[in-house]
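Participant: Take a look at the letters that make up each chain.
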Amino acid sequence: MRGFVLVEGGFEAVVEPEEARILASLAAQLSSLLGEAADDEALSGSDPAVARLLPDAYRDDEEAAAEWRRLSRRALAERKGAFASRFAADLADASTATASTRIRLDESGALDWMRAIGDLRLVLAERMEVGDDREGMSDLYDWLAWMQDDLVRVLDQAEERGA
Amino acid sequence: MALPSVPLVDESVDVERRELHASEVPWITIVWNDPVNLMSYVAWVFRRHFGMDAPTAEQRMMQVHTEGRAVVAEGNREAMERHVEAMHEYGLWATLERAPR
Numbered sequence: 001m002r003g004f005v006l007v008e009g010g011f012e013a014v015v016e017p018e019e020a021r022i023l024a025s026l027a028a029q030l031s032s033l034l035g036e037a038a039d040d041e042a043l044s045g046s047d048p049a050v051a052r053l054l055p056d057a058y059r060d061d062e063e064a065a066a067e068w069r070r071l072s073r074r075a076l077a078e079r080k081g082a083f084a085s086r087f088a089a090d091l092a093d094a095s096t097a098t099a100s101t102r103i104r105l106d107e108s109g110a111l112d113w114m115r116a117i118g119d120l121r122l123v124l125a126e127r128m129e130v131g132d133d134r135e136g137m138s139d140l141y142d143w144l145a146w147m148q149d150d151l152v153r154v155l156d157q158a159e160e161r162g163a
Numbered sequence: 001m002a003l004p005s006v007p008l009v010d011e012s013v014d015v016e017r018r019e020l021h022a023s024e025v026p027w028i029t030i031v032w033n034d035p036v037n038l039m040s041y042v043a044w045v046f047r048r049h050f051g052m053d054a055p056t057a058e059q060r061m062m063q064v065h066t067e068g069r070a071v072v073a074e075g076n077r078e079a080m081e082r083h084v085e086a087m088h089e090y091g092l093w094a095t096l097e098r099a100p101r
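Protein sequences appear in the order of chains A and B.
Sequential numbering of the first sequence, starting at 1, is according to the numbering used here.
Sequential numbering of the second sequence, starting at 1, is according to the numbering used here.
Check each hint, because a few of them may be wrong.
Okay, the calculated beta carbon distance ranges per label pair [what the hints assert, rightly or not]: (1) A:8 / B:25: 47 to 53 Å; (2) A:134 / B:39: 21 to 27 Å; (3) B:69 / A:14: 22 to 28 Å; (4) B:100 / A:136: 41 to 47 Å; (5) B:35 / A:132: 20 to 26 Å; (6) B:26 / A:14: 48 to 54 Å.
To list a few chain B residues with every Cβ distance to chain A over 12 Å, as calculated [as the list claims (entries may be wrong)]: (7) 29; (8) 56; (9) 62; (10) 63; (11) 91; (12) 101.
Hints listed in this document are in silico derivations from the structure and should not be mistaken for laboratory results.
All values reported here derive from a predicted model rather than from experimental measurement.
We treat Cβ as the ideally placed atom computed from N, Cα and C, and that holds for glycine.
Generate the whole structure from the sequences, applying the supplied hints.
Facilitator: Okay, structure coming up:
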């Protein structure tokens with residue numbers, strides 16, 4: 001994958017099948033983690049990655065924090081899950097292809113990718129603290145950083161052209 | 001312990017006091033530093049969501065990075081809750097609290 005380029009109505013990147021498979025698999029795992037987290041508030045206590053994905057909105061007011069969790073936590077988890085699902089779905093064709101695939105995103109797709117990538121990095125950062133395959137995870141972590149930075153660049157470029 | 005030599009309530013200052021309605025008390029949205037989110041991404045989120053110009057977004061991002069936190073919005077509680085939720089959607093760590101008075 002060589003970074004996004006600005007095209008009419010959106011952004012394009014060329015993705016290799018192996019890259020697409022890795023990203024789609026990570027995105028599917030993220031989506032399923034968020035699905036579990038939406039249904040189970042206790043996961044925020046037992047899984048630091050979930051606590052970081054769905055943080056409290058109040059720091060020193062447990063009552064307000066609990067009320068906010070009751071009203072907002074599930075919907076937030078579901079929206080984040082939807083970003084991850086869309087990221088996975090956009091990569092589905094590319095991951096079963098035999099050659100590299102050109103993927104095109106519109107602006108809303110780019111925003112979903114951006115957020116899903118950010119959430120994946122949050123989870124990887126927590127998993128690296130305790131995981132077995134730290135080197136592999138660290139490579140993924142850096143690769144996702146590069147991708148997110150690239151999306152920032154190309155979205156800025158689009159805005160400059162539009163302005 | 002010595003007693004205070006000045007009155008605890010300064011009655012010479014004649015401030016018109018009234019209870020503020022809850023919706024009038026200002027609240028603030030704070031973004032906290034985390035070791036994961038990219039500096040370029042955080043500045044981009046500030047531009048995108050709060051409509052900050054590039055130098056302001058950069059300054060707030062650097063404040064988060066070096067001081068550990070930055071106030072990014074002030075207003076009523078409901079508005080600050082919406083900002084916090086949006087920041088969480090972007091993966092940033094944000095909280096709201098009453099503005100210091």
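Participant: Has the hinted range 21 to 27 Å been met by the Cβ atoms of residue 134 of chain A and residue 39 of chain B?
Facilitator: For residue 39 of chain B against residue 134 of chain A, whose Cβ atoms are near 24 Å apart, the range 21 to 27 Å holds.
Participant: Is it the case that residue 29 of chain B keeps its Cβ farther than 12 Å from each residue Cβ in chain A?
Facilitator: With a cut-off of 12 Å, residue 29 of chain B comes too close to chain A, as the shortest Cβ separation is near 10 Å.
Participant: Find the nearest Cβ of chain A to the Cβ of residue 56 of chain B and say whether that gap is larger than 12 Å.
Facilitator: holds (15 Å)
Participant: If I claimed the Cβ atoms of residue 100 of chain B and residue 136 of chain A lie 41 to 47 Å apart, would that claim hold in this structure?
Facilitator: holds (45 Å)
Participant: Taking 47 to 53 Å as the hint, is the beta-carbon distance of residue 8 of chain A and residue 25 of chain B inside that range?
Facilitator: holds (49 Å)
Participant: Please settle this one: residue 91 of chain B was flagged as non-interface, so is its CB more than 12 Å from every CB on chain A?
Facilitator: Violated, since 4 Å does not exceed 12 Å.
Participant: Would you say the C-beta atoms of residue 35 of chain B and residue 132 of chain A sit inside 20 to 26 Å of each other?
Facilitator: holds (21 Å)
Participant: Does residue 101 of chain B sit more than 12 Å from chain A, CB to CB?
Facilitator: holds (16 Å)
Participant: Would you say residue 63 of chain B is clear of chain A, with no C-beta pair closer than or equal to 12 Å?
Facilitator: Since the minimum Cβ distance to chain A is about 18 Å, residue 63 of chain B lies beyond 12 Å and the statement holds.
Participant: Could you say whether the range 48 to 54 Å given as a hint is met by the Cβ separation of residue 26 of chain B and residue 14 of chain A?
Facilitator: holds (49 Å)
Participant: Given a hinted range of 22 to 28 Å, is it respected by the beta-carbon distance of residue 69 of chain B and residue 14 of chain A?
Facilitator: violated (40 Å)
Participant: Would the least Cβ to Cβ distance between residue 62 of chain B and chain A come out above 12 Å?
Facilitator: Holds, because the least Cβ-Cβ distance between residue 62 of chain B and chain A comes to about 16 Å, which exceeds 12 Å.
Figure legend: structure checked against the earlier numbered hints; hints not met, in rising order: 3, 7 and 11.
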